[in-house]
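Asker: Starting from the known structure of chain A, arrange chain B on it as the hints suggest.
As given, the protein sequences belong to chains A and B, one line each in that order.
FYI, our numbering numbers position 74 of the first sequence as 74, with every residue one higher than the one before it.
FYI, our numbering numbers position 269 of the second sequence as 269, with every residue one higher than the one before it.
Do not take every clue at face value.
Computed cross-link-like contacts, DMTMM-like style, restricted to lysine to aspartate or glutamate with a CA-CA straight-line distance of at most 25 Å [what the hints assert, rightly or not]: (1) B/148 - A/28; (2) B/142 - A/46; (3) B/78 - B/96; (4) A/82 - A/95; (5) A/17 - B/281; (6) B/78 - B/45; (7) B/148 - A/107; (8) A/80 - A/11; (9) B/78 - A/10; (10) A/80 - B/63; (11) B/233 - B/207; (12) B/218 - B/240; (13) B/39 - A/46; (14) B/195 - B/207; (15) B/113 - A/46; (16) A/102 - B/61; (17) B/245 - A/70.
If you want the footprint, here are the derived chain B segments under chain A, 3+ residues with CB under 8 Å [claimed, not checked]: (18) 36–48; (19) 75–88; (20) 150–156.
Keep in mind the hints are simulated off the structure, nothing from the lab.
Every residue, glycine too, gets a C-beta built ideally from N, C-alpha and C.
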Amino acid sequence: MAVVELKENDEWKEFIKAEYSVIDCYGENCVACVILAPTYDAVADEMSGIAFGRVNISFLPGIADEYGIDAMPTLLYFRKGKLVNQSIGSIEREELLANISKMLYED
Amino acid sequence: MNGVVSSLYDIDSIVVPEELLKADIDEQKVDAEVQALSKRYAREEQADEAAAGDRVDCQADSENYPDGRTILLYIGMKLPGAEKAEEAVIGKKAGDTVSTVLAEKHVTLKIQKIVRRTPVEVNDALIAGMGIENVKTIEDYKAYIRDKMAADQAMEHEKEVIRYVMDQMIANSTYIYDEKEMEAYIQKTSEQYRKECEAIGEPVEMEEMKQGIIEQCKQYWMAKAFCESKGIKVDLSSVEEETDKMIEMMQLMGEPVPDRAEMLEMAEQDAYLDGLFQYIDTMVEKN
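If we strip away everything but chain A, and leave its shape as in the complex, we get:
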């Protein structure tokens, strides 16, 4: 599925109500965010049933305040709106899949 660019506070708050969702919190002039993007997009293309979104925290700092984000990129993993995991930095595909696995199958 295509990654959804979430541009309003109401949008991401609604978005995370899905049974499973992941949000890539990125920022302007962030090289690590640019490096992560193709990996994230490719995984999103392969995994239907999970909502993949993206938030530019320079424009929507509310999400950074809400989840204490102080580094970019940060991936937030949600189960029905509840944050169950987060990862920081430009991670490899294997690590991303491991984090998604935790969201899907662990407590």
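Answerer: Quick look at chain B alone, frame taken from chain A:
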């Protein structure tokens, strides 16, 4: 640490390597981006029997998963902890039950739905339906991807260009400072670094640290001399104001506040460096 630049290297004489200024677009990557749409917009249909590539939605036993979540299995992806479960559902149908291991737990899964994704043809109609402004055809999309890649590369290169120019400026300028004072400064600063490294369990490389401290001093002196030589004014009263605001904020947040003089020095250094970075940006734009 006190010091000055005795001879400032001429920034305008620096020739930034061509590869740091030009975007190098890999057409294979552009084509791959276009092809990725085939999977991104794949058609989803329910299948009778689970096979490789399918998504299998299951309900787990309530003992292991009391929250009643849908267990999604992606056959063939080998998600950590789900390898056995992915294999166990191959050949099964909706309504079937399997006993398997998932996330190191023995679970019973009842298959609810099998979803098969069929890649779609990438054509102009698909591209037009994506809703990207002024992108209606495959060629438009390729141009859009090229622009995006060029912008990303420019962002990556910007930092490399700054580093390159800074390194040239630091290495080719000359400095006057008191060696003994520098030794004492290194001693004091490295002790602080050493404690910080130990606190986070990082190994301490003393020689590297020493060179880093000298480099940092030279960087500041050079940036200051550069701004003065180009008539770039740094408003020290606003630097002071900003520093005090930051201190106030840190106090409000209950964070430990470093020495004010130290913070002021760092803020002043940043202000001079900003002036230099902005000049380097204009050098890049001219190229």
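Asker: Kindly indicate which numbered hints from before are broken by the structure, ordering the numbers from low to high.
Answerer: Hints 5, 7, 9, 11 are the ones this structure does not satisfy, whereas the remaining hints hold.
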